[in-house]
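Protein chains: 2
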Amino acid sequence: MRKSLGARTALYPMPVLIIAAWDKDGVPNAMNAAWGGISEEKEISICISAEHKTTANILARGAFTVSMATADTVRECDYVGIISGNDIPDKLERCGFHTEPASKVDAPIISELPMALECKLKSYDPESCRLVGEIVDLSIDEKVLTDGKLDLSKLRPITYDGLGHGYYVLGERVGCAFSDGKKLV
Amino acid sequence: MRKSLGARTALYPMPVLIIAAWDKDGVPNAMNAAWGGISEEKEISICISAEHKTTANILARGAFTVSMATADTVRECDYVGIISGNDIPDKLERCGFHTEPASKVDAPIISELPMALECKLKSYDPESCRLVGEIVDLSIDEKVLTDGKLDLSKLRPITYDGLGHGYYVLGERVGCAFSDGKKLV
Chain A
1 MRKSLGARTA
11 LYPMPVLIIA
21 AWDKDGVPNA
31 MNAAWGGISE
41 EKEISICISA
51 EHKTTANILA
61 RGAFTVSMAT
71 ADTVRECDYV
81 GIISGNDIPD
91 KLERCGFHTE
101 PASKVDAPII
111 SELPMALECK
121 LKSYDPESCR
131 LVGEIVDLSI
141 DEKVLTDGKL
151 DLSKLRPITY
161 DGLGHGYYVL
171 GERVGCAFSD
181 GKKLV
Chain B
1 MRKSLGARTA
11 LYPMPVLIIA
21 AWDKDGVPNA
31 MNAAWGGISE
41 EKEISICISA
51 EHKTTANILA
61 RGAFTVSMAT
71 ADTVRECDYV
81 GIISGNDIPD
91 KLERCGFHTE
101 PASKVDAPII
111 SELPMALECK
121 LKSYDPESCR
131 LVGEIVDLSI
141 DEKVLTDGKL
151 DLSKLRPITY
161 DGLGHGYYVL
171 GERVGCAFSD
181 GKKLV
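Taken in order, these protein sequences are the chains called A and B. For the first sequence, the working numbering gives the first residue as 1, with consecutive numbering after it. For the second sequence, the working numbering gives the first residue as 1, with consecutive numbering after it.
These are computed hints drawn from the structure, not numbers from a lab. Take these hints with a grain of salt, some might be off.
Which copy is meant is left open, so a pair is good if it fits within one copy or across any two.
[What the hints assert, rightly or not] Below, in silico cross-link-like pairs of lysine to aspartate or glutamate (EDC-like), each with a Cα-Cα straight-line distance of 16 angstroms or less: (1) Lys-3 / Asp-141; (2) Lys-3 / Asp-151; (3) Lys-120 / Asp-180; (4) Lys-3 / Glu-142; (5) Lys-120 / Asp-137; (6) Lys-3 / Glu-112.
Could you build all of it, start to finish, from the sequences and the hints given here?
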């Protein structure tokens, strides 16, 4: 038997995207967003409202980075989601995050987050809150690579549970795309 | 040290969305998509190209469902992603999936997938491949509920690894939103 739970905004897995940008004076800020994903080849789209300090920063500088939140930094990643840079301008320092310049775009990367997409602003629509970015580089800390490839057991990315309001780490590998399915063909 | 991997289309976690729709004659079809997510309150957006049988079906019927792929059905969910309904009209039957009518929209639900969003078509743009749906209901099989609430340890949703082309099941809970972060305030 299936149960109807009504019109709920939830899907699994939702990402935990940490969006970082500088303001016009070079002060870094970051926020946490679950409503987003890849929208096209080399394009990311995220729903963020215009009131966020990070939104204003992205519009001012035309660039941002999107880092994957990790199990090792879950407290810090949650913190940047509940504290506004409009109220606490040094929120990144306060939670222990450090920043460094991204290599390809005019935005900061959070040093403690090992995987970041460097993005150029393509468009922002305050009405729908849709931010669209062109992915121009993927930056990965060598500490989460094995033989030059991303090692998910080292990165330990987390997921947001929109119904239970929790964070979950990625678990074990359960199949290989375009291989398991082929067995059924 | 950070390493630049170039403009790569990847983020973690990406979902494994199984999109299902009927054609004009009531034949169900489904496909697998990773490029999508929540785009606004009660709205989902997914990048799917116009050539898919499912895209044609959605445009014909104005509705679709989006189920979460699960660890228990990884082979079937992968199969619907590699086989086209244009070539194999009975692909759902062939992989062992069964369908039932969604309760709120004119689309099928895959019985073996315990969690589905029922969606009405809002818009589709063949140029950007952006499909936008209004979420009108969340349908959950009672077998993945505990005390009336979704139990992720029963649902076992999976994630798509875009760089390694694998599927991963959701792992353990590592934190609570708006609680862990508060300790740092």
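To see whether the hints hold, each was checked on the structure:
In this homomeric assembly, Lys-3 and Asp-141 come within 16 angstroms of each other (Cα to Cα) only across copies, at 6 angstroms, whereas the closest approach inside a single copy is 44 angstroms. In the homo-oligomer, the alpha carbons of Lys-3 and Asp-151 lie at most 16 angstroms apart only across protomers (14 angstroms), although the nearest pairing inside one protomer, at 38 angstroms, exceeds that limit. Taking the shortest alpha-carbon separations for Lys-120 and Asp-180, neither the intra-copy value of 37 angstroms nor the inter-copy value of 31 angstroms comes in at or below 16 angstroms. Taking the shortest Cα distances, Lys-3 and Glu-142 sit within 16 angstroms of each other only across copies (6 angstroms), while inside one copy they are farther apart (46 angstroms).
When the C-alpha separation of Lys-120 and Asp-137 is checked against a cutoff of 16 angstroms, the pair qualifies only within one copy, where the shortest distance is 10 angstroms, while the shortest distance between copies is 35 angstroms. Only between protomers do Lys-3 and Glu-112 lie at most 16 angstroms apart by alpha-carbon distance; the minimum there is 14 angstroms, versus 42 angstroms within a single protomer.
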